[in-house]
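Engineer: Throw the hints in and build the complete structure from the sequences for me.
Protein chains in written order, with the working numbering: chain A, 71 to 174; chain B, 276 to 583; chain C, 132 to 524.
If you are wondering where the hints come from, they were derived from the structure by calculation, not from laboratory data.
Quick caveat: nothing in here was measured; it's all calculated off a predicted structure.
Ideal Cβ placement from N, Cα and C applies to all residues, glycine included.
Take these hints with a grain of salt, some might be off.
Label-pair ranges, simulated between beta-carbon atoms [unchecked claim]:
(1) A:72 - B:281: 57 to 63 Å
(2) C:176 - B:484: 20 to 26 Å
(3) B:367 - C:176: 20 to 26 Å
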Amino acid sequence: MKKETWKELTIGTINLDAGNSVKNLTGTWRSGKKPQFIQDKCIQCFFCWLYCPHSAILVEGDEVKGINYDYCTGCGICSVECPPKEKAIIMVKEEVKLAEGGAE
Amino acid sequence: MAKLKDLAAMEDRLVAGHGMCIGCGIPIIFRIVLRATEDPLIIANATGCLEVCTTIFPRTSWNITWVHSAFENAAATIAGVESMYQALKKKGRIPEDKKIRFLGIGGDGGTYDIGLQALSGAVERGHDIVYICYDNNVYANTGGQRSSATPLGASATTSPEGKESPGKLQRRKDLTKILVAHNIPYVAQASPNRWQDLYKKAQKAFETEGPAFLNILCLCPTEWKYDESQGIRLAQTAIDSCVWPLYEVENGKYKINYLPKEKKPVLEWIKAQGRFRHLFKEENAWVLEEFQKQVDEDWEELHKLANL
Amino acid sequence: MSTLKTLNGNQTIAEAVRQIDPDVMAAYPITPSTAIVEAIAKFKADGLITGEFVCPESEHSAMSLCIGASSAGGRVMTATASQGLALMWEMLYIAAGLRLPIVAAIANRSLSAPINIHGDHSDTMGARDSGWIQIYSENCQEAYDNFIQAFRIGEDLKVRTPVLVGLDGFIISHSMEVIQVEDDDEVKKFVGEYKPVYPLLDTSRKMTVGPIDFTDYYFEHKRNQIEGIENAPPVIEAVGKEFGRDFGRQYGFLEEYRMDDAEICIVVMSSAAGTCKDAVDELRSDGKRIGLLKPRIYRPFAHQKIAEALKKMKAVAVLDRSSSPGAFGAPLFTDIRSALYDYEERPHIVNYVYGLGGRDIKVEHFKEVALKLEKIAETGKVEELYGYINLRE
Ligand SMILES: Cc1ncc(C[n+]2csc(CCOP(=O)(O)OP(=O)(O)O)c2C)c(N)n1
Ligand code: SF4
Ligand code: SF4
Ligand code: SF4
Ligand SMILES: [Mg+2]
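Structural biologist: Below, the structure is given as structure tokens:
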């Protein structure tokens with residue numbers, strides 16, 4: 071990314087490009103483990119969405135559809151908070167190959 | 276009652292790509308809080324983890340109007356924004372019916388300590404603002420120094436445990452009650468694990484005419500030193516042990532919002548966190564006892580205030 | 132039509148505030164600027180102004196409020212002095228960094244310790260690197276005129292920089308003077324409508340104001356900030372001229388008093404310049420070729436104009452009403468001496484600190500300085516580069 075010269079910057083230290091941090095892919099921080107989403111166990115309670123610190127739960131329409139690995143840092147909160155006895159999110163080794171979104 | 280599905284459909288005001296730690300509790304709090312009003316919202320944020328991790332130029336995680344000026348003055352800064360809003364409305368340069376909400380945000384350092392005076396002044400003057408303290412019990416951004424919100428016995432870098440010390444020697448400051456003493460219309464304590472309670476409190480705060488204050492327990496795996504996947508469980512332990520009681524004070528009337536079925540010993544809260552590890556040494560046993568005693572006293576006092 | 136009124140310095144500032152009616156005024160009381168704050172509060176109570184007046188719990192919060200209010204998108208002023216300005220110090224830099232055209236009236240007063248309520252320039256000189264434009268006033272009339280012009284200068288779209296207007300504590304703030312007060316409508320017209328730049332209250336545009344920079348952007352943002360004050364000189368001149376056209380009193384960067392054929396010169400700012408004029412008149416009638424140079428604008432510093440005015444002198448004394456312990460002379464002196472460096476033709480130049488904590492400076496003291504300058508001019512030798520006036524030695 072080309073960095074602005076001092077003349078090109080907006081006066082008064084203002085960033086007008088709202089929400090552009092979505093370009094920072096925090097998923098690169100993940101190490102060791104990642105969540106796997108098991109769709110047919112999901113009761114669509116949205117707790118994973120609610121408690122994910124890095125906005126990494128994929129929601130399409132009004133359904134949780136999986137994990138956005140671009141942002142997921144692998145904290146595991148979603149898995150712990152997933153209510154079904156047989157969890158709809160489990161933590162697996164980073165090496166395990168999963169489809170996009172981690173859905174089974 | 277709000278449904279999470281519906282909240283999820285709302286636009287994010289704090290978006291992905293921020294630099295807060297793995298398992299951090301701050302973004303969880305603001306996911307809920309920033310959905311509690313649909314009105315335009317302007318935020319003044321004190322220096323601290325939230326501010327630093329969301330605005331590293333040229334990136335920003337704020338999808339809303341946001342301003343930072345310094346560490347100790349989020350309340351004064353947002354009061355200034357609100358004053359201009361009132362002035363321009365009176366002068367007819369902003370339409371009379373244009374509603375904007377004003378939110379000041381600070382950590383416990385920016386609120387209990389260095390920003391206490393500015394907050395006290397702003398709420399005493401009656402600005403129509405909401406102020407939220409995310410209390411992670413420590414100066415997290417600068418690497419874990421004590422604040423007046425750090426609990427008794429916790430090890431922080433400026434109140435470290437050691438051969439001659441069991442960590443922080445003092446009891447936490449009860450900031451929520453200090454705000455209650457300002458006789459403002461709405462004061463509440465909340466925790467993200469009880470999200471509906473938090474959401475309702477934030478809604479009430481935004482709808483309050485005049486100043487409202489929320490003190491919200493904020494998980495910090497980095498400084499509390501616990502398994503980050505367990506954060507929301509840990510917050511549950513905080514309310515079940517009454518270390519962090521959930522209550523609100525509306526126009527002077529206290530109401531406890533959560534009564535644990537069975538009050539858990541504070542030990543459960545303490546043993547889960549590395550910052551208290553040294554308390555299990557024999558010579559520090561008195562701290563555990565004292566900690567429990569203080570929590571019991573506060574809980575009893577709260578019952579009295581709520582006429583339970 | 133302007134009217135003549137007998138007012139003290141604080142009252143003239145208050146009068147200008149009433150006429151301009153800024154959108155938000157946030158200020159905390161401190162001697163000797165308290166009366167400004169009280170007058171604004173009373174205007175508000177009497178319905179004479181429509182802007183919001185906020186009386187916060189400290190000067191730090193007063194400046195923080197000004198910053199919030201100014202970012203929100205409207206005209207903002209404050210008033211303070213001494214410890215109050217010192218307490219604002221952190222926020223002064225932030226106001227400048229955010230390019231907010233806040234206007235502050237400063238009833239210049241010394242800094243503790245020892246605590247002292249009287250006039251000197253320690254407070255504003257301590258803020259000289261904060262990025263604020265600094266204007267100093269000789270008397271009540273100038274305080275009034277400068278304060279009105281400050282809004283035009285700071286709010287100019289190329290400048291967008293906060294401005295402080297100094298008026299010497301007690302000597303001006305509390306001294307009655309007959310001044311010309313311009314018509315309310317004329318003052319309003321002169322100051323004009325406020326033009327917001329990136330106002331927070333325009334919520335249709337989402338923005339992040341005051342983010343954190345790492346090493347890759349801080350320097351560029353700072354340079355971008357410096358540009359504002361560097362753009363100020365032509366604006367200061369134009370506003371000063373326009374003020375002259377509208378109200379008959381024209382202003383520039385400097386006032387040169389009896390400098391035409393002068394060989395020695397005293398440089399002094401603010402109220403002391405008035406006394407110095409009397410001294411110069413008396414010395415002139417004794418046939419001495421002496422003049423006075425009074426800088427009005429201290430930041431941005433008119434180094435070229437000052438050097439041009441001084442280069443032909445044989446000896447110059449710069450009088451500072453503040454000290455800079457351990458430095459090579461007090462602030463005004465070091466600036467001026469450095470401005471002369473590039474000139475082959477340049478005077479001998481000495482520095483005197485005077486008037487700390489409100490200590491008097493009288494005609495006789497200026498005459499003593501003139502004697503010393505005469506000696507330097509004659510001998511070409513400087514025996515005392517740096518000294519104090521009216522101090523018990
Ligand atoms: C006047 C001033 N003093 C000290 C600091 C350094 N500082 C920045 S953030 C911070 C601690 C913030 O703690 P808290 O408010 O609890 O927020 P957290 O980092 O925990 O989110 C400190 C000490 C500062 N920026 N400004
Ligand atoms: S592990 Fe789950 S909660 Fe944590 S970042 Fe990834 S998706 Fe979010
Ligand atoms: S928490 Fe579990 S059950 Fe609930 S929506 Fe997420 S994946 Fe589905
Ligand atoms: S240090 Fe703590 S509060 Fe700060 S970002 Fe990390 S987890 Fe969050
Ligand atoms: Mg903190």
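Engineer: Taking 20 to 26 Å as the hint, is the beta-carbon distance of residue 176 (chain C) and residue 484 (chain B) inside that range?
Structural biologist: With a Cβ separation near 23 Å, residue 176 (chain C) and residue 484 (chain B) satisfy 20 to 26 Å, so the hint holds.
Engineer: Do the beta carbons of residue 367 (chain B) and residue 176 (chain C) sit within 20 to 26 Å of each other?
Structural biologist: 22 Å, holds
Engineer: Is 57 to 63 Å right for how far apart the beta carbons of residue 72 (chain A) and residue 281 (chain B) are?
Structural biologist: Once the Cβ atoms are compared, 41 Å apart, the range 57 to 63 Å for residue 281 (chain B) and residue 72 (chain A) is violated.
Checked against the numbered hints listed earlier, the structure breaks hint 1 alone; every other hint is satisfied.
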